[in-house]
Structure formats: structure tokens, C-alpha cells
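The listed protein sequences correspond, in order, to chains Y and C.
Each residue of the first sequence is one higher than the one before, starting from 1 at the first, in the numbering used here.
Each residue of the second sequence is one higher than the one before, starting from 1001 at the first, in the numbering used here.
Calculated from the structure, these hints are not laboratory results.
Treat the hints with care, since some could be wrong.
Calculated pairs, DSS-like style, for lysine-lysine (alpha carbon to alpha carbon, straight line, at most 27 Å) [claimed, not checked]:
#	chain 1	residue 1	chain 2	residue 2
1	C	1169	Y	165
2	C	1093	C	1104
3	Y	165	C	1213
4	C	1258	C	1121
Please read these numbers as outputs of a predicted model, since none were measured by experiment.
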Amino acid sequence: MKLQAVSDDEPRLGRLINIGLPYLWLGLFFLLPFVIVLRISLAEPALTQPPYTALWEWVDGMLEIRLNLRNLQLISEDSLYLQALLNSLWVALVGTLGCLVLGYPMAYAIATAPERQRVPLLMLIILPFWTSFLIRVYAWIGILNANGLLNGFLLWLGVIDEPLKILHTQTAVYIGVIYSYLPFMILPLYANLTRLDRTLLEAAADLGCRPWCAFRRITFPLTLPGVIAGSMLVFIPVVGEFVIPDLLGNPGSLMVGQLMWTEFFANKDWPLAASLAIVLLAILVVPFVIMQRLQQENEMN
Amino acid sequence: MLQAKDLGLALVIALAFISGPAARAGEQTVHVYNWNDYFAPDTLTGFEQETGIRAVLDLYDSNEVLEAKLLAGSSGYDLVFPTTHPFAARHLKAGLYQPLDHSKLPGLERLDPDIMANLAKVDPGNRYLVPYMWGTTGLGINPDRVHAALGEDAPLDTWGLIFDPEQAKKLAGCGISLLDDPTEVFSAALTYLGKDPNSQAPEDLEAAAELIKQVRPYIRYFHSSQYISDLANGATCVAHGYSGDILQARERAAEANKGVTVIYRVPREGAVLWVDVMAIPKDAPNPEAAHALIAYLLKPEVIAAASNHIFYANANSAATSLLSAELREDPEIYPPPEVRARLFTPSERSEREIRNLNRLWTRLKSGR
Chain Y
1 MKLQAVSDDE
11 PRLGRLINIG
21 LPYLWLGLFF
31 LLPFVIVLRI
41 SLAEPALTQP
51 PYTALWEWVD
61 GMLEIRLNLR
71 NLQLISEDSL
81 YLQALLNSLW
91 VALVGTLGCL
101 VLGYPMAYAI
111 ATAPERQRVP
121 LLMLIILPFW
131 TSFLIRVYAW
141 IGILNANGLL
151 NGFLLWLGVI
161 DEPLKILHTQ
171 TAVYIGVIYS
181 YLPFMILPLY
191 ANLTRLDRTL
201 LEAAADLGCR
211 PWCAFRRITF
221 PLTLPGVIAG
231 SMLVFIPVVG
241 EFVIPDLLGN
251 PGSLMVGQLM
261 WTEFFANKDW
271 PLAASLAIVL
281 LAILVVPFVI
291 MQRLQQENEM
301 N
Chain C
1001 MLQAKDLGLA
1011 LVIALAFISG
1021 PAARAGEQTV
1031 HVYNWNDYFA
1041 PDTLTGFEQE
1051 TGIRAVLDLY
1061 DSNEVLEAKL
1071 LAGSSGYDLV
1081 FPTTHPFAAR
1091 HLKAGLYQPL
1101 DHSKLPGLER
1111 LDPDIMANLA
1121 KVDPGNRYLV
1131 PYMWGTTGLG
1141 INPDRVHAAL
1151 GEDAPLDTWG
1161 LIFDPEQAKK
1171 LAGCGISLLD
1181 DPTEVFSAAL
1191 TYLGKDPNSQ
1201 APEDLEAAAE
1211 LIKQVRPYIR
1221 YFHSSQYISD
1231 LANGATCVAH
1241 GYSGDILQAR
1251 ERAAEANKGV
1261 TVIYRVPREG
1271 AVLWVDVMAI
1281 PKDAPNPEAA
1291 HALIAYLLKP
1301 EVIAAASNHI
1311 FYANANSAAT
1321 SLLSAELRED
1331 PEIYPPPEVR
1341 ARLFTPSERS
1351 EREIRNLNRL
1361 WTRLKSGR
């Protein structure tokens, strides 16, 4: 009897740990920070350390709660915030599509390369991570400058007569985003493509489906989970990107990450910065849910 | 893929071990957070040699960044260098600094009594702040290129170079830069309009915003330290900037000897006079060492060497005779009385006014 109880308990404990750990992780690193940010977003800025007011106070046995909702009002009314949000979503969309268009063929080429070449090829994709992200973005300043590498090369070729103005434009931001996030697209796609059952392609060929048709009807639909995973890994962080637009963009290409920086550093308005973060999170949950749905449907099929 | 990942991980761990225990046991460290280009190259090395305290220097180029770190708390810095008005005054109200132990600061009495009396208005008894350097915010100009664009007799000592759309349009080609600092830019714009530079009246601020909007297309960039090298190598021809920074650009241009001249002018309409101070954050890990560094910087020969290098006037009366004659007699560094009469100190604004100003500023910069 005793023995049975132990063996009965153990899997239950194991299951508890198995299920509990991810929840603990989520609670500690997602929910708790979210609650803290939400709490700050409802406070008022103040000249104290930290620079915002308390939400509740005990005064003579009375609990006084003060919630500041003006921030959400300001964000919805002031076009500056809306435009920055739209611009962020747009940059993320262009960046994701750019990464997909460039990354898919690269992942495909690596996945179909002879076994011995795959690891070195993947190394080449991962290699840039060994240099600081900041330095790699700075390097683009040197490349895109009016007297930088790219313009120097094009002038030398005689393709252009005067330097192209790319640095400090929206184009430079696209370039920086696509460059920086390309590996995040390639790696999940590669993982997906290597698992692809090649006999399906042979079967398709036997049934008279040409390569393009086979790609369209078999390869691409089967790698859709990889496309979705890669797109999410690119889209979500790019929306909140700060470094790339700040170094490569101009004040006109304002993204929401920069606005948050301004509110946080220049205005010392932590509550507004926190409100922006909450709005951004709410906006990001929508594509996340849509993609989740797509993935589920895909798996059911 | 797995191998590559493991190798990367191993490398990261190895690096962490190599760089981790860098500080030797028993060694004292002072963490200094100062403006860019604000010490002589041998200031901190001299301090290390004399006291045996290791000095770690971090840099900022705007009071706002410093303030954000201090307000967040536990910044880890032992000594910071805010501008008195309106920043340090505000920080005192927020209780960000700890009182100084005057007995550990021999040499305090050598400081300029006028400056000390002025500081005492925000810091009664000079308990928290020790003046470091002072200067003005004016115009860095490349006279050859400005004259080429505007004509030989165009006056240079005017904010009109930036805020008169006609002149700014002609100068846009050779490059105009503004400080990325709403307080400074709005003060300058209000001065140019002949209004009180500290005005908080909404209609005055709107007029200033309108003025900045008009010349916005002709401004190449907004930055608070980039202009030093750009002026020096001729990439820009008019810069709104701090006196000493522009004089450093003048020096670099002369050293490079590529035919670029840079001059500094206090605009005749008026300009900001500021004093930067030293203060010890309340939560400084090593206030002892911070006191030692202040005491070292109070030595006339040390502060004079710094001034000689960075072209800012210091507050140490005993150091004046040690300055190079070039510096002492430079009217741009020690302005004559008629120029001093045109200088003003920024007054404090309420938090709400600052935020409104900053949001106006973000919108102006983004050209909307």
C-alpha cells in the first residue's frame, strides 16, 4: 500500500513541476513586470525617487486610492503618439516582409545543402551575433554615410554622380532592421525546412507537379509554422525598436521606442512611458492571437 | 548548429570569468559621471596616483540623462556634475544629494565668493554643491563660410543666423546644428524674439515654437555633442552650443590645419550663463572617495590644468593666475562686463511646464 502511494505521488509531483515551472516563469518574468508597469502607468509623475506618486495611501484609517487615467487620454488624443505607433507597426511590417523575402531562400539553400556544409553555413548566419548589436548598427552609419563605403563604391563605379542620401532616412531604418533581424527569420525557417519530408516532393513530381507547383502546394504550406514563428520573432521586437531608428533614422521617422525614451529620460514622465508600453503590448497581443489561430488551424489540417 | 551554440555559450562564460573580478581586493573605487570632454586627460590619472583610489568615468551629454539616472535611484555613481539652474536646484528639492563634509574639503575658501553667494540662493550655506566650471551657451561659427553665404558685412553675433528664416535658408547648405535641449533652444528663440527668455506664458512659448518650426527645415540635426567635431572639420558652419565645447572645436580645427576656422560668439540679443556643480548622490556607494576627488579638484593647479584643456572658466579664484594667458584674456571665456550684462540664468519651471515644453520639442524635431 505504502509503495503504491509513493509511486502514485511521484508522477503527480513530476506533473506539478512540469506544468508549474513554465507558469512560475511566466508569472515571474511576464506577469509581475506587467503588473509593475501597469501600476506605474496609473500613477502621476512627481519629483521624487522614484519619480511617480503612490497609488494608495492610508490616511487616518482611510484608504485613499488615486488612479491617473490622463495618460491614456493623452496618448489617444495626441496625434504624435498615434503616428509613432503607426510608423512602428509599418516599419515592423516592412522589416518582417523584407526578412521573409531574403531569409526564406537562404534558409532553403542551407536546408538543402549537403549535410557537411550546413553547420558552417549556419555559423555564418550566427556569426554576426558575436559582435555587439550596437556596434553593428554603428557600422551601418559608416556604410551609408554620404562619404561612406556604399556611396564611395557607387561613385567609383560611376553609377551615381553625387552621393545618395540614405543615412538618416526611413530607408536606412528598413535596412538596419532587416539586417539585424534576418537571423531570427532564418533559424526557425531552417529548423522547419530540415524536417520537411522530401518523399512528398518526389511524390508530387511523380504526379506531374513542377518544382514551382511543388513549392507552392507542398513546401511552403508545410513550412508555414516556421514562417509564422520567424515573422513573430521579427515583428514583435521591431515594433519596440529604439537603437536602429535612433542611430539610422531622422526625427521624422519617429518610432514608439524613441517616444518612450523621451518620456522616460527627457520628461521624467515614467507613468506616460509605462502607458505607452501598455498600449504597445495591447497592440502586439492582436497579431499574436491571430498567428496563434493560424498555427492551430494549420496543425489541425 | 548545436556545436556552434555550445561554443558560443562557452565563450560567453569564459569572457565573463575573465572580465569579472577585475577590481583588486582592498582597492577603493570612485565612480564619476561627468559631461563629455570635461576633464583634462591627466585629471583622473593624477588623482589615482595621488590617492591610490581607482577612478571610473562614465560620460553624458545632457542634464536630462543624468537626472533620469538619479531619479531612478541606485545609479552607482559617487560624483556627478549637474548644471545648477534649473537642474541641481530641482535635484536638491527632490533630496537626491547628500550634504558635504566641509572638513574633508580643504580649499573650499578659494572659490569665487560671487559664485558661491549665487549658489547659496538654491543651496543655503553651500552644503550640497561645489562649483566646477561655468560658461555660456552661444554660437559656434565658421566665419569664412557664413560670410560666403551671407555677405562680408553680415553680423555674426546674432541668433538671427539660426532663427531668421532668410539667413537660415542660406546657411542650411553649409550646415546648422541645434542643441538637443528644449530649455536651451526655447531660451534662445525667446531671446531672439525680444521676449523674456524665462517666460512661461503660453503665447510666448507658442511664438517661439512657431519660430523654430519656420527654420526647422534648415536645421541639419539636433545634438548636444556631435557639433564639436563637425564644426572642427567643417561639416557644419553654425552651431548652437556650449562655449568651451566650441572653443575646443576651434582648437581642434587649428590643430588639424585644414583651413577651417571656428569662432565663438555670445549673441548680442543675450545668452544663457550657467554654472556646473559637483554633488554626491544620496545613495553613493563611496562618498569618502567622492570627497577626496572634490578636494583634489579644488586644488588650483589641478583645476587650472583642466580649464586650460577644456576652455571653460572655473570657479577657483586661486587658479586664475595659473591659467594660460590666452585663456585668461579670452573675452569668450571671461566675458567683459558689457557682455556679462546680456547673460541670464534659466529659472525653474514647474514639472508640468517642463513636460509640455518637452512634448512641444519632440513634435518640433519630428517636423510635425
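Status of the hints after comparison with the structure:
1. C:1169 to Y:165: With Cα atoms ~19 Å apart, residue 1169 of chain C and residue 165 of chain Y stay inside 27 Å; holds.
2. C:1093 to C:1104: Roughly 24 Å between the alpha carbons, so the hint for residue 1093 of chain C and residue 1104 of chain C holds.
3. Y:165 to C:1213: With a Cα-Cα distance of about 23 Å, the restraint between residue 165 of chain Y and residue 1213 of chain C holds, given a limit of 27 Å.
4. C:1258 to C:1121: Violated - the C-alpha atoms of residue 1121 of chain C and residue 1258 of chain C are around 47 Å apart, more than 27 Å.
The structure is inconsistent with hint 4 alone, although it conforms to all the rest.
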